[in-house]
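Peer 1: Here are the chains, one letter per residue:
There are 2 protein chains.
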Amino acid sequence: MEREPVLHPRLRVLNRGAIVLGPGKADLLEGIKETGSISEAAAELGMSYMRAWTLIRTMNTAFREPLVLTVRGGEARGGATLSEIGERILSTYREMENLSLSATAEKWKALRKLLRQPAGGGDLFDRR
Amino acid sequence: MEREPVLHPRLRVLNRGAIVLGPGKADLLEGIKETGSISEAAAELGMSYMRAWTLIRTMNTAFREPLVLTVRGGEARGGATLSEIGERILSTYREMENLSLSATAEKWKALRKLLRQPAGGGDLFDRR
Chain C
21 MEREPVLHPR LRVLNRGAIV LGPGKADLLE GIKETGSISE AAAELGMSYM RAWTLIRTMN
81 TAFREPLVLT VRGGEARGGA TLSEIGERIL STYREMENLS LSATAEKWKA LRKLLRQPAG
141 GGDLFDRR
Chain Y
21 MEREPVLHPR LRVLNRGAIV LGPGKADLLE GIKETGSISE AAAELGMSYM RAWTLIRTMN
81 TAFREPLVLT VRGGEARGGA TLSEIGERIL STYREMENLS LSATAEKWKA LRKLLRQPAG
141 GGDLFDRR
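Chains C and Y are the protein sequences, given in the same order.
Here the working numbering is used: the first residue of the first sequence is 21, the next is one more, and so on.
Here the working numbering is used: the first residue of the second sequence is 21, the next is one more, and so on.
Don't take every hint at face value.
Distance windows between CB atoms, simulated [stated by the list, open to error]:
#1 C:54 - Y:101: 21 to 31 Å
#2 Y:86 - C:111: 17 to 27 Å
#3 C:108 - Y:54: 19 to 29 Å
#4 Y:86 - C:91: 48 to 58 Å
#5 C:108 - Y:101: 19 to 29 Å
#6 C:47 - Y:122: 46 to 56 Å
Computed list of lysine to any residue pairs in SDA-like fashion (alpha-carbon distance at most 25 Å, straight line) [to be verified]:
#7 C:53 - C:129
#8 Y:133 - C:129
#9 Y:129 - C:133
#10 C:133 - Y:133
#11 C:133 - Y:111
Everything labelled a hint here was simulated from the structure, so no lab data went into it.
The beta-carbon is built from N, C-alpha and C at its ideal position, and this holds for glycine as well.
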């Protein structure tokens with residue numbers, strides 16, 4: 021758990037009332053990219069395999085082409101990879117998060133100064 | 021319900037593991053500012069009075085001074101206003117949302133082009 025004040029820009033893309041991309045879906049895409057497996061990515065995120073598939077189905081139907089491709093193999097649940105559009109969408113999403121953080125950095129600095137000091141009398145900066 | 025694709029930057033401020041400011045709390049502050057009443061603001065947001073008070077308590081203790089001030093009056097539940105710091109925090113939060121939207125506008129334009137076209141064959145722009 022982060023103890024220092026932190027700003028999370030949780031970007032949510034809605035289309036026709038549905039959340040088609042957001043922090044959870046982006047993390048799932050990243051997990052699949054890293055592990056090559058839907059079940060491993062889901063497990064890392066503490067998400068059920070069924071839940072992961074629901075998110076994938078939402079993304080795959082919301083965009084012009086599927087973001088996640090499954091590879092049927094010898095394994096019980098096969099492997100999975102991101103398609104070209106999936107990679108592009110994930111990197112665009114991460115870029116947007118970074119742009120959001122940079123753009124708000126100055127205001128965030130002012131806002132965090134208004135937070136109460138820790139009970140221990142420490143200051144806002146981590147001096148470890 | 022918005023039918024056109026929309027990007028929502030949901031900025032979340034975490035401090036010592038707790039969400040001390042986010043979209044729901046900001047909307048509650050705005051409702052109190054507009055209505056001068058916690059119960060009216062809560063009702064507008066479809067939130068229980070108890071829930072609204074929980075959010076207010078979290079904000080009031082997280083920042084250096086209370087954001088919401090209650091005014092005891094003749095009414096059953098009295099009135100409420102934003103303190104100076106409450107007004108400042110709300111306006112800073114809204115500014116950060118706008119900065120986030122501006123900073124991500126170009127990438128968002130590219131991302132929304134990757135969304136599937138509506139079934140009706142319409143395009144991405146609302147022509148009504």
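Peer 1: All hints are to be evaluated individually against the structure, with a verdict given for each.
Peer 2: Now the hints, each set against the structure:
1. Restraint check, residue 54 of chain C to residue 101 of chain Y: a C-beta distance of roughly 49 Å breaks the suggested window 21 to 31 Å.
2. Separated by about 42 Å at the C-beta atoms, residue 86 of chain Y and residue 111 of chain C break the suggested range of 17 to 27 Å.
3. For the pair residue 108 of chain C and residue 54 of chain Y, the beta carbons lie near 41 Å from each other, so the given range of 19 to 29 Å is not met.
4. For the hinted restraint 48 to 58 Å between residue 86 of chain Y and residue 91 of chain C, the CB-CB distance of approximately 56 Å keeps it satisfied.
5. Judged by the Cβ atoms, the range 19 to 29 Å given for residue 108 of chain C and residue 101 of chain Y is violated: they are separated by roughly 48 Å.
6. Checked against the hint of 46 to 56 Å, the C-beta distance between residue 47 of chain C and residue 122 of chain Y comes to roughly 25 Å, which is inconsistent with it.
7. With a C-alpha separation of about 34 Å, the suggested pair residue 53 of chain C and residue 129 of chain C falls outside the 25 Å cut-off, and the hint is violated.
8. About 34 Å separates the Cα atoms of residue 133 of chain Y and residue 129 of chain C, which puts this hinted pair outside 25 Å; it is violated.
9. With a C-alpha separation of about 34 Å, the suggested pairing of residue 129 of chain Y with residue 133 of chain C is violated against the 25 Å cut-off.
10. Between residue 133 of chain C and residue 133 of chain Y the CA atoms are separated by roughly 39 Å; this puts the pair beyond 25 Å, and the hint is violated.
11. For the suggested pair residue 133 of chain C and residue 111 of chain Y, the alpha carbons sit about 15 Å apart, so the restraint of at most 25 Å is met.
Consistency note: the structure conflicts with the earlier hints numbered 1, 2, 3, 5, 6, 7, 8, 9 and 10.
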